[in-house]
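Can you build the whole structure from these sequences, using the hints too?
There are 2 protein chains.
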Amino acid sequence: MAGVPEMIDPDSGTVRSSDELIQLLDGGDAAALVDYLHQLSGVELARIVSHLSPDEQVRFWTTLPAEQAADHIEELSTAQAAGVIEQLPVAHAAAILEELPSDERADVLNEIDEPTAEAVLARFPSEEAAWIRRLTEYDADVAGGLMITEFLAFPAHLTVGELIDELRAAPEDYSEYEVQYIYVVDDFGRLEGVLRLRDLLLTPNQVSISKIMLRAPVAVRDDTDLVRLERLFDHHPFLAIPVTDADGILLGVLRRFDVEEAVESRSGGEFLRSQGIVGGEELRSMPLRRRAGRRLSWLSVNILLNIAAASVIAAYQDTLAVAIALAVFLPIISDMSGCSGNQAVAVSIRELSLGLLLPRDYVRVWLKEITVGLINGAVLGLLLGLAAYLWKHNLYLSLVVTAAMAINTLIAVSIGGLIPLLLRRLRLDPALASGPLLTTVTDMCGFFLVLSLATMVLSRLA
Amino acid sequence: MAGVPEMIDPDSGTVRSSDELIQLLDGGDAAALVDYLHQLSGVELARIVSHLSPDEQVRFWTTLPAEQAADHIEELSTAQAAGVIEQLPVAHAAAILEELPSDERADVLNEIDEPTAEAVLARFPSEEAAWIRRLTEYDADVAGGLMITEFLAFPAHLTVGELIDELRAAPEDYSEYEVQYIYVVDDFGRLEGVLRLRDLLLTPNQVSISKIMLRAPVAVRDDTDLVRLERLFDHHPFLAIPVTDADGILLGVLRRFDVEEAVESRSGGEFLRSQGIVGGEELRSMPLRRRAGRRLSWLSVNILLNIAAASVIAAYQDTLAVAIALAVFLPIISDMSGCSGNQAVAVSIRELSLGLLLPRDYVRVWLKEITVGLINGAVLGLLLGLAAYLWKHNLYLSLVVTAAMAINTLIAVSIGGLIPLLLRRLRLDPALASGPLLTTVTDMCGFFLVLSLATMVLSRLA
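Heads up: the protein sequence lines correspond to chains A and B, in order. Going by the numbering used here, the letters in the first sequence line up with residues 1 to 462, in that order. Going by the numbering used here, the letters in the second sequence line up with residues 1 to 462, in that order.
It cannot be assumed that every hint is accurate.
One copy or any two copies: either way a pair holds, since identical chains are not told apart in the list.
Claimed, not checked - With a cut-off of at most 25 Å between alpha-carbon atoms, the simulated DMTMM-like pairs for lysine to aspartate or glutamate come out as follows:
hint	residue 1	residue 2
1	K211	D187
2	K211	D186
3	K392	D318
4	K211	E162
Just so you know, these hints were derived from the structure itself, not from any lab.
Here is the structure:
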């Protein structure tokens, strides 16, 4: 089809590299550079830019006119955009930020480090800086932080024909807007109603817009959080919802896809945190110090938890010395219990974010988990016991291993299922803390079970 | 504000339980039940329904009229909706599916087991069944599987006024549609152009729609996959894109938020798979056999990998018997390397899904990872070596532990960074297989490093 744009296959041989871009930079021809950029998709640009060295990045973004630079920065993720802005001279950074839409500007300013943000804000006229600062003060995942401040609002006394004439009188003023709805406000800017475009189309010209507007429309306060926003859009088919302050003054418009994007970015964040990437998104284009430091801050907590868990083994050195074969089963049982527990953690986190679970549903979760844990613990215990028997032909070793594996699986799924509920109740992030807490407890219990059971039948293991 | 709906705080005391619903069911008053359901949000309903027993579920859904049942089933996740439909008598299941929108019906039919799906389809008139089957044949994450088949299409010869009159002549026909764009087609149903509602509003009545329609509009073939669709919406600000077959015949409309939802559901799936929930979403309302079986299929692969890794320890029993303290460090080093490697896995998966990384970018990823690995490996190695020294006052033990931890961190971040690229290149799912492959290799290397280094200085460890 003629209308289908050429898409780049990520695995094909036709991918552009950053070399071409660097040649254009060396050539110094800003117009050729702008032309070249028009051929790139947002993702391609993001990838190519992330492969530039810090120096090349600065040259690239300062060569582009601010308006063009802003258009392209808009297509990057917030983390990447913030990385770019931080590297630029303050004057350039401010010029580019001025061209960004209000919500993206606030996101970027929130992500860059404090001194840079202050230096950039100092370049704006004080009134504008105050307004930007107000938008920046919203958390990125409340209505005020997600809304756009571009919207159409008219007084209620117009007719359909008058409103359409007003729009047609200056189409260029409105054609940039992503118009879904037209809002109706009173003299103080308070929201009175919402007009859908299709109702304007379907209604004769002489009818007053107050007749067809939806009164007492669904609106949200600027401080409404993402979980509630998600439910609201889940419950209503609207494409956008107006955002007001506590007095009902219309501040902006929250679009469905901004909420979907925020939810998707929350999912991505949950995934990263569950794998130990903490303190914000990591991109490999970020400075080495930040990447190593953030990962290490997490690992250094973890190594302490690990040392604590392994101290159980240290306490049972005498048992181990008699039955050295046990050392083979310690990591197996601790790792397998960790896996079983992580499965339970994942289901709890998922059910919590789908709203299927309340933080107080302890009993339900526990009952559902121990039934699974009984079956899986028995199967895994018998498998491992069989392996032990085939290796050493010692029934007691086999029994110790089977019992420890089965019991520890029960412990792991119970703790794994419940920890996310407890953390949510304490208003902590389940994706971040569940894993390490779980594995510390299951490691300790696993080591203790193997070694204490073994101690009881030690004479039979030697 | 009057317009803000009452939201339920998940942590507050005002949450409804399933008891109320069961009482209404026992009362047998269908009208009271329908009234009650109108008070619930989609998430509340999903939660309450998931807490019903299988019998209560069947009673609930068969008490409701099919149309109301479909409205409520639409608000559930596909996994939960499929679970409901599977439990119902076939006649009821078919009646409810008939009332679902085409895309949701296809999703549910794809998720339920084959025999039930066939039995349900057999209830539809053969022509309708064939059409449903065609939609069902699309994968859930290609354009055909995500599109809705409700759209407005008109011939190009109309004027703006004629088109508006036609819409106004039968507004009730269109008011159910989520109209974003109006499509212009030729006599064969081939897509010719797209009209935006705002252009209709902003253009005088006598102008022909062919003058204001966007020609050669961006459209996608029905078999376009989610990665490409995501990029397309990333690159273009459209709210919806028409979907055609290979001949350009307009088949349906793909809305931005359907793509966002599919992306979010992919993220959720990645998270679940990375934690060992494999074979589809798990909800605790699913049958025990399916839950235990799916988790176990994963765990049983894992236990084999674990036994393989631990066999390295078995090979070094003699070394361990001499220096039993080593047994304490084996799980620490294997677990910490797993953590470091998982961090690298997460960043690679994230960069792959953001499009910042191509599966061929091996060298870049490896260079970025070993620099981090050198720093973090050194820090962790020294920390653990210090702990060893404080415990046993044996410098050689401390050196063995430090070297093993540092080298294994390097190995872990290298493998962790590269495995997702390799798996993507092999068209396997990185979120699923990266973790177990990584930990098996890092466990083996970790055990080998500790025990072989220890063997070299064994006389100093005793």
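Taking the hints in turn, this is what the structure says about them:
For a Cα distance limit of 25 Å, the shortest separation of K211 from D187 inside one copy, 18 Å, qualifies, whereas the shortest one across copies, 38 Å, does not. Within a single copy, K211 and D186 get their C-alpha atoms as close as 15 Å, which meets the 25 Å cut-off; across copies the closest is 37 Å, which misses it. Taking the closest pair of Cα atoms, K392 and D318 come within 25 Å of each other both inside a single copy (20 Å) and across two copies (15 Å). With identical chains, the CA atoms of K211 and E162 are at most 25 Å apart both within one copy (14 Å) and between copies (24 Å).
In this structure, every one of the numbered hints holds.
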